[in-house]
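Asker: So the chains spell out like this:
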Amino acid sequence: DSGVTQTPKHLITATGQRVTLRCSPRSGDLSVYWYQQSLDQGLQFLIQYYNGEERAKGNILERFSAQQFPDLHSELNLSSLELGDSALYFCASSAQWGRPPYGYTFGSGTRLTVV
Amino acid sequence: AQSVSQHNHHVILSEAASLELGCNYSYGGTVNLFWYVQYPGQHLQLLLKYFSGDPLVKGIKGFEAEFIKSKFSFNLRKPSVQWSDTAEYFCAVMSGDTDKLIFGTGTRLQVFP
Numbered sequence: 001d002s003g004v005t006q007t008p009k010h011l012i013t014a015t016g017q018r019v020t021l022r023c024s025p026r027s028g029d030l031s032v033y034w035y036q037q038s039l040d041q042g043l044q045f046l047i048q049y050y051n052g053e054e055r056a057k058g059n060i061l062e063r064f065s066a067q068q069f070p071d072l073h074s075e076l077n078l079s080s081l082e083l084g085d086s087a088l089y090f091c092a093s094s095a096q097w098g099r100p101p102y103g104y105t106f107g108s109g110t111r112l113t114v115v
Numbered sequence: 001a002q003s004v005s006q007h008n009h010h011v012i013l014s015e016a017a018s019l020e021l022g023c024n025y026s027y028g029g030t031v032n033l034f035w036y037v038q039y040p041g042q043h044l045q046l047l048l049k050y051f052s053g054d055p056l057v058k059g060i061k062g063f064e065a066e067f068i069k070s071k072f073s074f075n076l077r078k079p080s081v082q083w084s085d086t087a088e089y090f091c092a093v094m095s096g097d098t099d100k101l102i103f104g105t106g107t108r109l110q111v112f113p
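If you read the protein sequences in the order shown, they are chains A and B.
The opening residue of the first sequence carries number 1 in the numbering used here; numbering runs sequentially from there.
The opening residue of the second sequence carries number 1 in the numbering used here; numbering runs sequentially from there.
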C-alpha cells in the first residue's frame, strides 16, 4: 500500500456517460497529480492541484475536469465518455510544490473501460 | 517543452544477463531525473532519483543509473537481472522550476528463467 488511495479500482460504463474518479493523497501531501495511461499514448500528465488550487495543466480534454477539496482529496470528472477514454487513470501525490522533489507516490489506479 | 525518450520499447533477457535501458531527455536547464517501475497489475514505484551531486545513483533492488549531462542521458543499469524484474520501466524528468513529472513511453522488460 503506497498511501495513495484511488477508488474505484475498476469502472465499466457506456459511451456518453459521466464518471467520477476519486483520489486520497498520502497523509501530509499537498499536491495531487492525475495521469492517464493508455497503450498507445503511455503516461500522459493531465492536471495538478496543490492545496486546493490548480497548479498545472497537461493534455487534459475539455470533457475532463478535476478539483481538490479542503480535505485534500481530489476527484477527476470525465464526461461524454468515448471509447478512446478507456485507460488506466493514476493519481499521485507529493509533499510540497517547489521544494526538492522526492518524486511522486502513485496510487493503484482506476481502470476505466468505456463500452 | 520537456520530453523524454526511451528507445528500447521491449527488452527480453535471460536471468543473470546484464541490463541497460536508455533514457534521453530534452531540457537545457536544471533537471531532476527518476526511474519508476511498474510490476504487472501494480502501481508505479520509485526505483531511484537524481537531484544533484554524484551522477551515479544507486536505487532499490540492485538498480543504478548514471546521469551524463553532456549526453542528456540517464540510463538505467543492473548487472544481473532476475525473473522478478519483469516489469515496465519508466524514465521521467522534472525541470528545476516545476514539479511536473514528464514520463517516457516506457520499456517493457521480460526476463526468462
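One should not assume that every hint holds.
Across the chosen pairs, the derived CB separations fall in these ranges [claimed, not checked]:
id: 1; chain 1: B; residue 1: Ser3; chain 2: A; residue 2: Ser27; range: 31 to 39 angstroms
id: 2; chain 1: B; residue 1: Gly53; chain 2: A; residue 2: His10; range: 41 to 49 angstroms
id: 3; chain 1: A; residue 1: Ser80; chain 2: B; residue 2: Gln42; range: 24 to 32 angstroms
id: 4; chain 1: A; residue 1: Gln41; chain 2: B; residue 2: Gly41; range: 18 to 26 angstroms
FYI, nobody ran anything at the bench for these hints, they're computed from the structure.
These numbers were taken from a predicted model, which means no experiment stands behind them.
Where is the CB? At the ideal position from N, CA and C, for every residue including glycine.
Asker: Going through the numbered hints above, which ones does this structure break? Give me the numbers in ascending order.
Answerer: The structure breaks none of the hints.
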